[in-house]
Amino acid sequence: MTEILSPERCETMAQVRAGVDQTDRELVALLARRFGYMDAAARIKPDRDAVRDEARKAQVIDNVRGHACAAGIPEAVIAAVWEALVEGSIAYEFDRFDALRVEASAR
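Under this note's numbering, the sequence shown has 41 at position 41, and the numbering climbs by one with no breaks.
No lab work stands behind these hints, which were simulated from the structure alone.
We treat Cβ as the ideally placed atom computed from N, Cα and C, and that holds for glycine.
Take these hints with a grain of salt, some might be off.
Said to hold, decoys possible - Label-pair restraints from in silico Cβ distances: (1) Asp49 / Ile4: 41 to 49 Å; (2) Arg17 / Ala104: 16 to 24 Å; (3) Leu30 / Ala79: 16 to 24 Å; (4) Ala71 / Ala29: 46 to 54 Å; (5) Glu75 / Arg107: 40 to 48 Å; (6) Ala79 / Arg101: 26 to 34 Å.
All chains should be modelled from the sequences, with the hints used to inform the complete structure.
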């Protein structure tokens with residue numbers, strides 16, 4: 001297995017690609033945990049109207065803009081990624097909310 005180097009230590013494209021691939025695996029694992037929280041939200045929220053919360057969405061995107069700025073990475077890119085992530089998360093949560101209610105009514 002190729003040793004994963006920090007970006008500063010990379011000298012070849014193979015090293016860069018190995019680092020990117022490892023980072024992508026880590027990001028997917030973190031996103032799986034984040035979607036687990038969407039499962040919890042779908043279970044906890046009392047009604048379907050509570051799934052979409054525009055104020056919370058704006059807060060989340062503002063938060064990541066601040067984190068991006070502090071990290072020295074492009075805020076607009078991160079905000080766009082999070083816009084897609086949050087919208088996908090809301091769609092997922094709607095699906096889970098509905099599925100959980102169907103399962104509960106079938107019992």
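Now the hints, each set against the structure:
1. Asp49 / Ile4: 41 to 49 Å: holds (45 Å)
2. Arg17 / Ala104: 16 to 24 Å: Violated - the Cβ-Cβ distance for Arg17 and Ala104, about 46 Å, lies outside 16 to 24 Å.
3. Leu30 / Ala79: 16 to 24 Å: holds (18 Å)
4. Ala71 / Ala29: 46 to 54 Å: For Ala29 against Ala71, whose Cβ atoms are near 19 Å apart, the range 46 to 54 Å is violated.
5. Glu75 / Arg107: 40 to 48 Å: holds (47 Å)
6. Ala79 / Arg101: 26 to 34 Å: holds (33 Å)
Figure legend: structure checked against the earlier numbered hints; hints not met, in rising order: 2 and 4.
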